[in-house]
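Starting from the known structure of chain A, arrange chain B on it as the hints suggest.
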Amino acid sequence: MSLFADRLRRISILLYAGMTLTGLGALLAIGLFFIAVRDLPRVPEPLGRIIETPPTEIFAATGERLMIIGGREVVPLNRISPFFIQAMIATEDHRFWEHHGLDKLRTLKALWITLFEPGRIQGASTITQQLAKNLFFSYRRTYMRKFRELLVALQIETRYSKREILEAYLNQIPFGVGAYGIEQAARAFFGKPALELNLAESALLASLPKSPTRYNPYRYFERAKKRQQLVLARMRAVGYATVEETEAAFQAPLQLMSQRAGTSKGSYFLDLVLNDLEERYGPEVVYHGGLKVSTTLDPQQQAWAIESLQNGLVKLDRLMGISDKDNTGDAKSLSHPQGALVAVECNSGAVKALVGGRDYSETEFNRAVESNRLPGSGFKPFLYYAAFEKLSLTPANVFVDKQITVPVIGASDWTPKNFGREHEGPMILKRALMKSVNAIAAQLVERAGPDAVIDVARRSGIKSPLTSVYSVALGTSGVSPLEMATAFSTFATGGIRHEPFWIRRVEDPLGRVLEEQIVRGQRSLDAGIGYQVVDMMRGVLTTGTGKVVRRMGFDLPAAGKTGTSDDFRDAWFTGFTPTLSVSVWVGYDRGMSMRDVNRIGITGGRGAAPIWTEFMIKATSGEPPREFTIPSDIHFETVDPVSGEIAVQLTSNGVKVALRSGQTVNSAPDESGTVKSEQFITEKAGQSTVKEASKSTTEAENNSAIIEEDLPPE
Amino acid sequence: MSDWAEPRDFKEWAKRVFGLRPILTLILVSSIFILELRFDWMERILGTYLVTTNSERPESGAIWEKSHQTRTAQQTLEQILTDRQTLQREARSAATFTQIAANVTPGKGVMLSADHFRQLYLRLAPSFAYEVISPFDLLGIVNDGRWRRTYFEKSDAGLMIYLLDANNRVLRQLELGSMQLSQLKRGEMALAESLDELSIFKNRVYSADRFFNALEAFPEDVRRSMVPQPETLLEIPGQIMRVGISDETQSGFIELGFEFLNGTERRVVLVQGHEWAVWRLRSNLEGLDMDNASSQGGNQNEPRKLQ
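Same order as they appear, the protein sequences are chains A and B. Numbering-wise (the numbering used here), the first sequence opens with residue 786 and increments by one. Numbering-wise (the numbering used here), the second sequence opens with residue 44 and increments by one.
Worth double-checking, as some hints may not be accurate.
Distance condition first, Cα-Cα at most 27 Å in a straight line; then the derived BS3-like pairs of lysine-lysine [as the list claims (entries may be wrong)]:
1) A/K1441 - A/K1175
2) A/K977 - A/K894
3) B/K109 - A/K995
4) A/K931 - B/K109
5) B/K197 - B/K151
6) B/K109 - A/K947
7) A/K1248 - B/K109
8) A/K995 - A/K889
9) B/K197 - A/K1248
10) A/K894 - A/K931
Derived contacts from chain A toward chain B, CB cut-off under 7 Å, selection only [as the list claims (entries may be wrong)]:
11) L825
12) T838
13) H885
14) G886
15) L920
16) F921
17) L939
18) Q940
19) T943
20) R944
21) G1074
22) R1297
23) R1305
Everything labelled a hint here was simulated from the structure, so no lab data went into it. Note that beta-carbon positions come from the ideal geometry of N, C-alpha and C, so glycine has one too.
The shape of chain A in the complex, shown without the other chains (with noise of 0.2 Å):
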């Protein structure tokens, strides 16, 4: 007896010290609440206020809109698929429509696991708490987070439907990829409105707010998959579908949505549009103004600008042989070639397409707009604009290809080396670019002098430092495609510049102006001598160093210069249509030698100027032939490229070149064969020294030979 009673005695000693613990832990929990509830947030009413921060929208020129920035997409109950809505309460909360914003069962299990079970941790979080943690709490885990969390989970439930609980809370999850609330997350990965969402796609969406980035199906997709079948058992087990229906969904094939179509669209564009906006406005107005921003994006032409350049690049790699199985991400971008290509619209400056790298989302360094790469031929054109404006040339004249050497003043002498190391003798001035002969590009630069041609340059719409040495005229200053596009486009419109630009119009959110782009061209070089260079860049694609451009079948009339810098470290192609000015680069971010398999340099011809063309042949499709005007006082004549005379009928390699008002050219050959040309007979064919060099430039020079290519294109 005695012992029963001991037992007894004990028992009632716990029972009392339970009750005393109880009422203990209660006034503390009273405590705690006082404490707890002092900051508590204010509850903003009503709830869907959460949801008033308009978006700002950047819409391409089509009207086709690009990006939302905050905001959310918010949808009512009734236009959500009724799949995901069980689907997510079914895997997040099962009992949401039954408890009051706390699940104690749920969380009496939690707690023993979390205590008893080492190791292990829990969640019991209602839809209702994570709705309050997404609202007004950090992502720092400590109790009185997790209390407070609570307790505002209570007024939520006390103050709004369980509809609207539900509704605030799905139209604000993340799911990533950029993707907040069930619309933009249902457009994002499936193209489709949420309410048009089936079983299988309800549950790998509702798989994804517990981790977005774990369960991306973009990159892990079998992981994602595996966590699509766990939600198909929780719906069956909640009662939500049969085995039957979670089966097939798991079978059921996802067609996810392109993830360049989805999101990325233009996304190194999109990158250089949001700069602008925070430099002008502010990131706040930006991120949160509501912004409605129509740019000059062509989607169409961006998709095709995309791919010409990935396909562009993907050949480049099995050129050089470069596989792709070792390398993913950071490595990729740094052991790939990588590549940059903008499309400016002439008569505008408007950017239709811009694309800043092989992979937005392996690098997000914008090539096209930032990167800083010597053109290396592809500057002459502004070099031979110079020489005919300011020595009175003219395409017809005749200089002599031959090893020159400049001398410098405080510096070493300047010996430019053509690509093939041969000289050819001489020829005229057209010929002379169309073959990109650097020795004779050394000649004009050493009469004209560098900074005629660096007026040239700033003239046309180059904006990054040039420095005033000879090799400037052979492309040694860095610049940017985008400045390249710019530049040949003034040579596109006869001479009028137009400053490019890629925001057309801000509105704020009531669709009131806040600034418009106005169109304005200046012009910035003469017409005819425009015509002229423009006329020799032509013959660069049919017989020159981008003549890859008419082999792969771009028939329109256009005009381009190739560029390849020292060492192949940079290959360029620029070229344009009388409505469009392309520029396309090519090269290792590292600055490295891009060689093919056989050690042979990769230049322009070869890694630009393909790309260029397939995106052209895309770009212009269905355009009709427009050729480029021809200004007033330009007249025609078909010359010898070699003596720069009048072309003897029906001799087959005459050249046509343009000439301006009071330009000749001699009219024959004497009996003697003798060229005539003043150019010509002043130098002396071979070796030869330029003794008449100006002394004036005491920088020193770059002495690298910048090469151009001669070698027949892939």
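Using the frame of chain A, we list chain B on its own:
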């Protein structure tokens, strides 16, 4: 109250355990728990309390921070828009180009309709209008049909004017340097000032009667050359008090200034006459009364009524 004593046997234990008070306590406690589990009354009480104190609590937390940022952004935007609208309003109410030029600041231009520009342009005296754009050029642009709006922007030296199409492409770019602006200012002032303030008429101001008497002496075609569009003068309210003839010739034309009096308001309207015809008129005027062809002009109390 007696001290608690340990029960001595099972019976007493049972009596104590199953007594009324413990059972009632057990029922009460169980009821509290069951009712809480069933009806969530604790959560409801706390929730209701929190709802009642909601308005006293701070606007803190992620959603409120975002809300504050949104408010700040909206205020910034509102300020930008207010500035812009003020500028636009002032520009719309401007009666002259120089008033517009005074309003625009670097980086903040104003946009007006094409019609508004035309109205401003038509208010200019022909000689001053030429400073802005030739009327023939403007006629060509109007007839082209693409001109929709006009954008005014401050430039280094003065005012840039862009005539724009519907896509904001510049159809024609006009630049008014500081010199041109000051000339315009003078011309625009002349529209509301006395002839005495315009130096170009310094030596040749005549009374209206004298001027029209002299004019009547010529046949209609010659008079048309002297005052090419008299209809424009008919549109001006008030009476012509005096007429000035400039000493200067511009591209075969000579400026004539008609000083109108409308109530207490004086206004000068400039008209260009053909040089050869105006010379004849001036000879006639001076031949009629050389002594009165002075800078003071005729009798201001002898108006010629036009309306």
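Verification of the hints:
The straight-line distance between the Cα atoms of A/K1441 and A/K1175 is roughly 23 Å, inside the 27 Å bound, and the hint therefore holds. Taking the CA atoms of A/K977 and A/K894, the gap is about 39 Å. The hint is violated against a cut of 27 Å. A threshold of 27 Å between alpha carbons decides the hint, and for B/K109 with A/K995 the separation of about 23 Å falls inside it, so the pair holds. Note on A/K931 and B/K109: the hinted pairing holds, with a Cα-Cα distance of about 22 Å set against a maximum of 27 Å.
Only pairs whose Cα atoms come within 27 Å are accepted, and B/K197 paired with B/K151 is accepted, the gap being roughly 8 Å. Only pairs whose Cα atoms come within 27 Å are accepted, and B/K109 paired with A/K947 is accepted, the gap being roughly 25 Å. Between A/K1248 and B/K109 the alpha-carbon distance is near 39 Å, which puts this suggested pair outside the 27 Å criterion. Taking the CA atoms of A/K995 and A/K889, the gap is about 21 Å. The hint holds against a cut of 27 Å.
For the hint pairing B/K197 with A/K1248, the CA-to-CA distance comes to about 23 Å; that is within 27 Å, so the pair holds. Restraint check for A/K894 and A/K931: the C-alpha separation of about 16 Å stays at or below 27 Å, so the hint holds. Checking A/L825 against chain B by beta carbon gives a least distance of about 5 Å; that is within 7 Å, so the hint holds. Given the 7 Å rule on beta carbons, the hint for A/T838 holds: about 5 Å separates it from the nearest Cβ of chain B.
A hinted interface residue such as A/H885 counts as satisfied when its beta carbon comes closer than 7 Å to some beta carbon of chain B; here the least separation is about 4 Å, so the hint holds. Given the 7 Å rule on beta carbons, the hint for A/G886 holds: about 6 Å separates it from the nearest Cβ of chain B. Interface hint status for A/L920: upheld, as the beta-carbon distance to the closest one in chain B is roughly 4 Å, under 7 Å. Evaluation of the A/F921 hint against chain B yields a held restraint, the C-beta minimum of about 3 Å falling below 7 Å.
Checking A/L939 against chain B: minimum C-beta separation of about 4 Å stays under 7 Å; hint holds. Because the smallest distance between the Cβ of A/Q940 and any Cβ of chain B comes to about 4 Å, under 7 Å, the interface hint for this residue holds. Given hint, A/T943 at the interface with chain B, holds; its Cβ is 3 Å from that chain's nearest Cβ, closer than 7 Å. For A/R944, the interface hint holds, since its Cβ comes within 7 Å of a Cβ in chain B; the closest pair sits about 5 Å apart.
Satisfaction of the interface hint for A/G1074 is found here, the shortest Cβ-Cβ separation to chain B being roughly 4 Å, below the 7 Å cut-off. With 7 Å as the threshold, the beta carbon of A/R1297 comes within range of chain B, its nearest partner Cβ sitting at about 6 Å, so the hint holds. Evaluation of the A/R1305 hint against chain B yields a held restraint, the C-beta minimum of about 4 Å falling below 7 Å.
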